[in-house]
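Turn these sequences into a full structure, and let the hints guide you.
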Amino acid sequence: MPHVKLDDLTDQQKVKFYQKGTFTVGNRLVDPDNRGVQASEARSNAITSGHRACQGCGEALGARYALDAALRAAEGQLIAVNATGCLEVFSTPYPETSWQLPWMHSLFGNAPAVATGVAAAMKVKGRENVRVVAQGGDGGTTDIGFGCLSGMFERNDDVLYVCYDNEAYMNTGVQRSSATPPTARTATTPAVGDAPGNVFGTGKNVPLIALAHNIPYVATASVADLHDLERKVQKAMRLRGARYIHVFVPCPLGWGSDSKATIKIARLASECGLFPLWEGEDGLVTGSLPIRKKIPVDDYLKTQKRFRHLFEPQRDDARIAALQRMADANIKRFDLLRHEREAAI
Amino acid sequence: MLKQIEGSRAVAEAVARCRPEVICAYPISPQTHIVEACGELVKSGELENCEYINVESEFAALSVAIGASAAGARTYTATASQGLLFMAEAVYNASGLGLPIVMTIGNRAIGAPINIWNDHSDSMSMRDAGWIQLFAETNQEAVDLHIQAFALAEKLSCPVMVCMDGFILTHAYERLEIPDQAAVDAFLPPFQPRQVLDPAAPYSIGAMVGPEAFMEVRYLAHDKQLQALDVIPEIQAAFTQQFGRDSGGLLHSYNCEHAATVVVTMGSLAGTVKDAVDELRLEGPKVGVVSLSCYRPFPAAALREALAEARRVIVVEKCLAPGFGGIVSTDLRMALQGVDCHVKTVIAGLGGRPITRPSLQSMLRRALKGELADLHFLDLNRGMVDRELANQRRGIASGPIAENLLKDVAIHGDAD
Numbered sequence: 001m002p003h004v005k006l007d008d009l010t011d012q013q014k015v016k017f018y019q020k021g022t023f024t025v026g027n028r029l030v031d032p033d034n035r036g037v038q039a040s041e042a043r044s045n046a047i048t049s050g051h052r053a054c055q056g057c058g059e060a061l062g063a064r065y066a067l068d069a070a071l072r073a074a075e076g077q078l079i080a081v082n083a084t085g086c087l088e089v090f091s092t093p094y095p096e097t098s099w100q101l102p103w104m105h106s107l108f109g110n111a112p113a114v115a116t117g118v119a120a121a122m123k124v125k126g127r128e129n130v131r132v133v134a135q136g137g138d139g140g141t142t143d144i145g146f147g148c149l150s151g152m153f154e155r156n157d158d159v160l161y162v163c164y165d166n167e168a169y170m171n172t173g174v175q176r177s178s179a180t181p182p183t184a185r186t187a188t189t190p191a192v193g194d195a196p197g198n199v200f201g202t203g204k205n206v207p208l209i210a211l212a213h214n215i216p217y218v219a220t221a222s223v224a225d226l227h228d229l230e231r232k233v234q235k236a237m238r239l240r241g242a243r244y245i246h247v248f249v250p251c252p253l254g255w256g257s258d259s260k261a262t263i264k265i266a267r268l269a270s271e272c273g274l275f276p277l278w279e280g281e282d283g284l285v286t287g288s289l290p291i292r293k294k295i296p297v298d299d300y301l302k303t304q305k306r307f308r309h310l311f312e313p314q315r316d317d318a319r320i321a322a323l324q325r326m327a328d329a330n331i332k333r334f335d336l337l338r339h340e341r342e343a344a345i
Numbered sequence: 346m347l348k349q350i351e352g353s354r355a356v357a358e359a360v361a362r363c364r365p366e367v368i369c370a371y372p373i374s375p376q377t378h379i380v381e382a383c384g385e386l387v388k389s390g391e392l393e394n395c396e397y398i399n400v401e402s403e404f405a406a407l408s409v410a411i412g413a414s415a416a417g418a419r420t421y422t423a424t425a426s427q428g429l430l431f432m433a434e435a436v437y438n439a440s441g442l443g444l445p446i447v448m449t450i451g452n453r454a455i456g457a458p459i460n461i462w463n464d465h466s467d468s469m470s471m472r473d474a475g476w477i478q479l480f481a482e483t484n485q486e487a488v489d490l491h492i493q494a495f496a497l498a499e500k501l502s503c504p505v506m507v508c509m510d511g512f513i514l515t516h517a518y519e520r521l522e523i524p525d526q527a528a529v530d531a532f533l534p535p536f537q538p539r540q541v542l543d544p545a546a547p548y549s550i551g552a553m554v555g556p557e558a559f560m561e562v563r564y565l566a567h568d569k570q571l572q573a574l575d576v577i578p579e580i581q582a583a584f585t586q587q588f589g590r591d592s593g594g595l596l597h598s599y600n601c602e603h604a605a606t607v608v609v610t611m612g613s614l615a616g617t618v619k620d621a622v623d624e625l626r627l628e629g630p631k632v633g634v635v636s637l638s639c640y641r642p643f644p645a646a647a648l649r650e651a652l653a654e655a656r657r658v659i660v661v662e663k664c665l666a667p668g669f670g671g672i673v674s675t676d677l678r679m680a681l682q683g684v685d686c687h688v689k690t691v692i693a694g695l696g697g698r699p700i701t702r703p704s705l706q707s708m709l710r711r712a713l714k715g716e717l718a719d720l721h722f723l724d725l726n727r728g729m730v731d732r733e734l735a736n737q738r739r740g741i742a743s744g745p746i747a748e749n750l751l752k753d754v755a756i757h758g759d760a761d
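So the sequence lines, in the order shown, correspond to chains A and B.
If you number the first sequence the way our numbering does, the last residue is 345 and the count never jumps.
If you number the second sequence the way our numbering does, the last residue is 761 and the count never jumps.
No lab work stands behind these hints: they were computed from the structure.
Relax, there's no trap hidden among the hints.
Restraint-style ranges between C-beta atoms, simulated for each label pair: (1) A:194 x B:738: 45 to 51 Å; (2) B:347 x A:76: 51 to 57 Å; (3) A:326 x B:734: 56 to 62 Å.
Just so you know, these numbers come straight off a predicted model, no measurement behind them.
Ideal placement from N, C-alpha and C gives every residue a C-beta, glycine not left out.
Right, here's the structure in full:
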């Protein structure tokens, strides 16, 4: 394809550039230096095919992109530590393993501490070129592993921790975690009663808590924007000390969504404001991805059966409005509609 | 050269001579002085090339140790009591992964009621966790056992707990020999891991194992403990040859030849028991003493040999299985199956209750006369227990037991 300027395209062609600026689908048009890690034949395929993840698994996708990007940044000198959870179980069904890098699983709640130990060993052996990534789901990160995570942050240990957030304990069959959003149906927050699903006023925002530790780097990312995820991983890998990336990964099984809709749902989550994409350094928010075109939370919620009780038998106006307020608060906090404001001036 | 030194400090210096590369520190009495001294040795440069990590919990302490050991570093930590329970999940994990971590236990009771004093409940709670458990009789033995522990752990790729009585040993000052660096270097070669996380040869460590192989994995953990029954005496012999002390091994026998009655015990209590039986000897009967320096693996064959002439064995143990009785004595009965020998259980010293020579001697006199119950609680204040039982019978809302007993002490004193 000859080099084409964006302005030369027809309106129909422009639609295909929905993700312009992220390059996820536009790799062929980008100069090689700016192409994504996955576009390279030299990608490391950290998780090879044959694992047992469900169709449409956001976590498998997110982990592959995150680890391949980290491996490239570390020039292959990377060790991964994994919390118990879906990622651990589906990647190592006995006697097979999908991992193409040194990988260790110890317990559900100790991945940050185990990673600290690995990093300490590398330091003491003068092998600081070998980098360490720890990873876990939201249960392993925001609940049971939270103490170890905070300890690792507080000591500023040289570990990149990646949380793949699918907003519940999926490995054990969809139970509520502290990352489960209000109103969501899980096996322990059933869609019955006066206020069905998970309650309002609970949960914790671990990316902001990570930021409050004043660690060198914190970011949220999404499988809807894999190029942004790769960029954030690469940025994190250029730094030393404790770093945290919280990746939004839809779970078709747990959310009751179409396997083919994983990327779309992730995009809607950010476009409605419920999952803001931002990054911060040394305790300060330094950037965010603006929302291209704001959508109401309804458009996101309707894609998933875990929220169906908000719309059937009739629309639950009050609780959808409460969710909309959460989204709007995120938009305000991270100034996600700044281009609209700037355009208006 | 002998020096006057606190047990904890001596252990820290012995550990430092073993050149650990990662030490995880979290405070809990009575172990705290050990990790404090380790930190001092790292800071002063006496222990070089060591990452000293202040963690946020015991669970993290052992988890950091797991990561460091899996990445090929010689790794040490220490804990006690509630701390050991708090890290329980990681205790099983470390042995399941076959990581040769060495951990000191400053033996202490487990609450509630909270109690910081010595007994063996903490180590006993982890007796089936797949770790080798060594018990020190003296501070000199604690020093020596730590040096042996690294050799043992790394030879078998199995974690080792060195158990030493809280306060009685950890806080006691005495004259000890701390082996010098050159001697320890000659005894303990650099750590060669069986498995290591390394980008040059990627492994997956800690993968899931289902019913198709889990039995075999567990059997191999058992087999490793059985191998330790041979390796421990080998290491003891090598240690004795180099350092001239017979610390460690499976057990120590004292006066067991032609002794029909033998007391079996573990840890620092052995010294008091030896004094008690020596004095009793003046009255006539010969009583032997066996002190277990290795509890896991359980040295059944060595015990059968040491107790070959015994017809009555009294196990004095600082732990209790509520609803059953003794723990060490149960293992001993299993070891003596088919042997014509009666085993009595004496529960003693729980929560730091002093075990005195007069109490031991009065118990032994009853035993020699055949008047000792199969399960005996040494120096139990029966009056206090009976008053509380009566109180509980009076009504369902009888109040918190510990507070009731403290009130009882205030009213009746602590005499029976």
